[in-house]
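Whenever a hint applies, use it, and build me the whole structure from the sequences.
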Amino acid sequence: MSKAVSALGGVSHKGFVDVAEAGQRGMITVRGDLGSAAMKKAVKAAVGTAVPAPRRIELAGEKGAAWMSPDELLILVPYAEAVATVEVLERALGKEHHLVADVSDARAVFRIKGAKAREVLMKLCPVDFETLAEGEIRRTRAAQVAAAFWKSAPEEYTLVSFRSVAGYVMALLEVSARAGSELNLG
Amino acid sequence: MLTLECPYCGVKADETELAPGGEAHLKRHGPGSTDEEFDGYLFARKNPKGVHFERWRHAYGCGKWFLAARCTATLEVFGTYPAQSTKPPVDLQARIKLKRPGWEGYK
Amino acid sequence: MSTRLQNGGRLIDRAKPLSFTFNGKPVQGYEGDTLASALLGQNRMMVGRSFKYHRPRGLVASGAEEPNGLVGLGEGARFEPNQRLTTTELFGGAVTQSQNHWPSLEFDVGAINDRLARFLPAGFYYKTFMYPRAAWKHVFEPIIRRSAGLGKVPQGRDADRYEYAYAFADLVIVGGGIAGLCAALAAGRQGKRVWLIEQTAHWGGRAVVDGAEIDGKDAETWVRETLQALEGMENVTLRTRTMASGLYDHGYLLAYERVADHTPGDGRPRHRLWRLRAGQVVTATGAIERTLSFAGNDIPGVMLASAVRDYVVNWAVSPGDRTVIVTNNDDAYRTALALLDAGLIVPAVIDARPEARGELPGAVRARGVRVLEGHGVARVKGGKRVTGVSTCIQAGEGAELETIACDAVAMSGGWSPVVHLWSHCGGKLIWDEGGAMFRPDPSRPATGADGAAMVTAIGAANGVLDAAGVLADAHKAAGGKGKAPQATAKPETPVLPVWIMPQGAGPALRAKMWLDPQNDVKVSDVQLAAREGYESVEHTKRYTTLGMATDQGKISNINGLAVLSDALHRPIPETGTTTFRPPYTPISLGAIAGEARGEVFQPLRKTPMHDWHAANGAHWEPVGLWRRVYCYRRPGEGTHDAVNREIRQVRNSVGLLDASTLGKILVSGPDAGRFLDMLYTNMMSTLKIGKCRYGLMCSENGFLSDDGVVVRLNEDTWLCHTTTGGAERIHGWMEDWLQCEWWDWKVYTANVTEQYAQVAIAGPNARKLLEKLGGMDLSKETLAFMEWREGTLGGCRARVHRISFSGELSFEVAVPASEGRAFWEALMAAGEEFAVAPYGTEAMHIMRAEKGFIMIGDETDGTVIPQDLNLEWAISRKKDDYLGKRAQQRSYMASPDRWKLVGLETLDGSVIPDGAYVVADGVNANGQRNVQGRVTSTYYSPTLNKGIAMGLVKHGPDRMGEVVEFPVGDGKVVKARIVDQVFYDKQGEKQNV
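Chains as they are written, first to last, in our numbering: chain A, 1455 to 1640; chain B, 658 to 764; chain C, 731 to 1723.
In short, the hints are calculated from the structure, not lab data.
Note that CB positions come from ideal geometry on N, CA and C, so glycine has one too.
Any given hint could be a false lead.
What the hints assert, rightly or not - Facing chain B, according to a computed beta carbon distance under 10 angstroms, are these residues of chain A, among others:
id : residue
1  : TRP1521
2  : MET1522
3  : PRO1524
4  : ASP1525
5  : GLU1526
6  : PRO1580
7  : LEU1639
Claimed, not checked - Cβ-Cβ distance ranges computed for the label pairs, FRET-style:
id : chain 1 : residue 1 : chain 2 : residue 2 : range
8  : B       : GLU761    : C       : ASP1162   : 37 to 43 angstroms
9  : B       : LYS706    : C       : VAL1641   : 50 to 56 angstroms
10 : B       : PRO758    : C       : ALA1323   : 58 to 64 angstroms
11 : C       : GLY1592   : B       : LYS744    : 52 to 58 angstroms
12 : A       : PRO1532   : C       : VAL1641   : 53 to 59 angstroms
13 : C       : SER1621   : B       : LYS706    : 33 to 39 angstroms
14 : B       : LYS744    : C       : VAL1641   : 56 to 62 angstroms
15 : C       : MET1558   : B       : LYS744    : 56 to 62 angstroms
16 : A       : ASP1487   : C       : GLY1368   : 57 to 63 angstroms
17 : C       : ALA1323   : B       : LYS706    : 47 to 53 angstroms
18 : C       : ASP1171   : A       : LYS1494   : 34 to 40 angstroms
19 : C       : LYS1206   : B       : GLU761    : 35 to 41 angstroms
Unchecked claim - Sample of chain C residues with no beta-carbon within 12 angstroms of chain B, all distances over it, derived:
id : residue
20 : CYS1155
21 : MET1413
22 : GLN1469
23 : GLY1521
24 : GLY1614
25 : LYS1615
26 : GLN1662
27 : LEU1674
28 : ASP1688
As structure tokens, this is what we get:
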């Protein structure tokens, strides 16, 4: 739908790493019994991955599933497929007690790219990056707002926040990535 | 600035990622309760110097409420456990007793 | 005079001269200088005036403990007061101004206070500015305000930027002297994640100045080699210019990195506040030399012996040609040797100890220097600069024996371990009789999350003052394998505690012995406090201001409490120390704020239509973290006029409100109905699919907490609307009950507030406008009042609710947030023929008040129950329980005397001021007029062309027609009649068409 726009229209900045709003992404909140056979089937049908283990994100190309809490997943799909994916999930979960909600429009997605990408996040999030495992999604705060991020490429992190604070998050990333403010941690 | 491990997701959360929720293991009294019962539920709170059980929410993380056993004087954390507990786990109580022999125990 | 020596200076680069100004005059220095060393190198000893007596003040120290050398640094947007000369690295073009004097540093009118010192004793303010009371406002306060404050307040915005950074380590070692380096090496080799931080720009601490030998190498070489080894370890992070400001719970340590103080304007953040989480903390923070209390010890030219040594060795600056040493220990003799090595004169060493027979005194004697054993300083001579000292017997009362001409005095009263970090989080101290110092008590450390010690003090910070002992201590504490590095240095004989000099000094001398030179606290002041009954060291501190200056008494606190102990005739450990609180040295407010300024000061939540509003005259109002539009001002239009126009627009045609901020929470599951019946006072389980119902939520206290429209989406799922400010709170409240109380109920919730842009389309032409967009049948027959339907409107996926907060025909339409802006613009375009206009929150508020609808936060304030607001119709009587029900049965809540909601209509049509009270006869126990009610909402209604209000009035609903009085100040009274709260369209005909 051409009328649909992301919160910031894909704005980007260059600093000691590049930071950019990554545009729209289909996101679906699924709550239910993560250990059930129906959930396994539903996630497989929706994005083709296994149900992620605690704190893990399973990615398969443009799609994926992230563990958000013991009874909640975040399903990732291309924006245009969100509505259809909701139906796939609803069908697969059937009569099982669950909640599926399209939250694609409630979020903003950012990419932080560069050799020192994690230094930008180190300024904003009280997270020990050395203990962050490969394939881990970390829910935390970025300065004063809720955020979740994962390492999406060897030198890239993807960060998700609420849509209403997208401008705040972008400004945080821009100021934290400004040239000259490298943490020089080697 | 405390660090508490969320028993649901295993994150060693910074206090700034958590929201406090006061005393744990309160018993709700609704309609039909006496004035004394209701007063105790709504207003009376323990304020010990020492072992205390309290509620925390991993607000900036998995969103789950959990319970923590903590020494209010030294800030030692004896353990954290799920909110779906009507009283502190037995092994946790034993651990506290070992560390605080003078503790009168959970009542 | 003080001067730059021809040779030496391990920290300066003579090939790189730099110039700066001090009070407008040019000063030359070198790269590697501090502002202090550069000033001293140009014979600038006097650098400021003291706070109270405006006495001349010179440099005393060479580091963070300096009490006097404070200046205003920089200009314009980079000006900052109270910058410490001794810890500020020189950079070219620096502009410095001395403080606390007028008109000039050399001639200061305020110095008259010094003459009046006799009349300005400890507690002067408390004793003097008492009576008469009326004098406070017009006499005392203006005087105190003018003389209060150190330095000038910066004007304008700070040009620099600041930031936080979070880091984690197994071990954080604070202090980059040989102790810290040795510990880092040992811990680094074990593979631990180690941070080693040093507050200055240089590694090595005192040992490199004092000339110890380590493992057969000079200390300088050992430090260099150790650093190289550490730099090669990936698990070790090294940071200079980084000061450990404070240690807090669970190993949380704030470290203040001065990234660009020495390179201002280079684009880097000026300061960075590291928020370190340490498994263990090792304090290798060294020790600070104490002053000696003798008469005239505050005259410029009297310095700490270690500082004199630092200036000579590090920066090739001699504080004076002739320097007399005054000491109670061996260490000060190192200063004599350093001065002699530099070719300067040491006329005498005055040693308070009856005997000074150690190796160090021996070495000084061997160079032909007189050592006066058992002697003290009777008096320092000079005004703005030392000219000599007169000697006396330490055991006597101060009879002057001889006068020794000199231009500097190097004093040493022994050393105090830097125990601040050790103490911040509860580590205790013990009094070390032999060392005459408080040092960390290893049996009572600060403990961490696991209940075990989280701090270890090593080296001088642990009271170990000799290099060999320091290294052994550090190596052991870090769990080092094998042998510790071996240091050799001359052995020292014990220190003699000397708290005043001479021991029997009379009142005249004691009144000239400074403890705190910045705040002008003298030995006599502390003794006076003791005589006046002050026993606690904490009280004495506040009464005398001892140690309350910007240096926090680093060189003088121990002397002060020793004097207090003596005056109270009790041992020093019984007096104890004052509390050590962060920060160790002052840190900038910028660093504390971090990145949070300007645009990122706090999150600003924006709806999808925010930018449209901004481009169309939005006058904003903050609601929580949201910005909502208060009204849209047209060119030349005032706020009030805009609001009135918007209301008329809605009442007469159609208007649009951005309602996206309203909370939207999905509640789903087999037990969702049962759950909502507990949460709301109404019955929600019986709500039919396709219908909406207004609901109230209360706290367990019974007080009204939130309200909103609940929508039944399907068999298992409800959508709960909350107030704008309530979305996160109510979602958290729901999760709290589901997780912690009714965890066996099958209910899931999701906060979908931001998934939707929501627009209220209100007014007689609302339906016509939406029909123009097309896609859904919105006729009265298909979509009745309090119903909802899903469909497509103007090409957007839409959920349309027929609900009204304005009393007009009204639809609230939710579309995906991404399409919100397009949907809004489509409405604006389609509405052109109706002259559609957006309206803001104020118009919304007034229209709901015209209809008598309550507003959370206006009619409620956390003490109001639904029954007070005549909302019984929204409280189910069929339910055994709901949150708040039990509380509403309490006698006070059920009392018929509670204030209840009514409408209020002024007799003269005026608007009752916000917050006005209804008065009753008589006065209360405090002599205040009795009250019987208050206004909760009050507006000018453009619809009715008069003032309308709602308020809570005692027995209000039973008093319809009665006139009550609102005093509104200046003796004026507004009279209003109690009326029904619904002012407009009582039958609801307008909304139901």
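| Can you name, in rising order, the numbers of the hints this structure does not satisfy? | Going through the list in order, the structure violates hints 7, 10, 11, 17, 18, 20, 22, 24 and 25 and respects the others.
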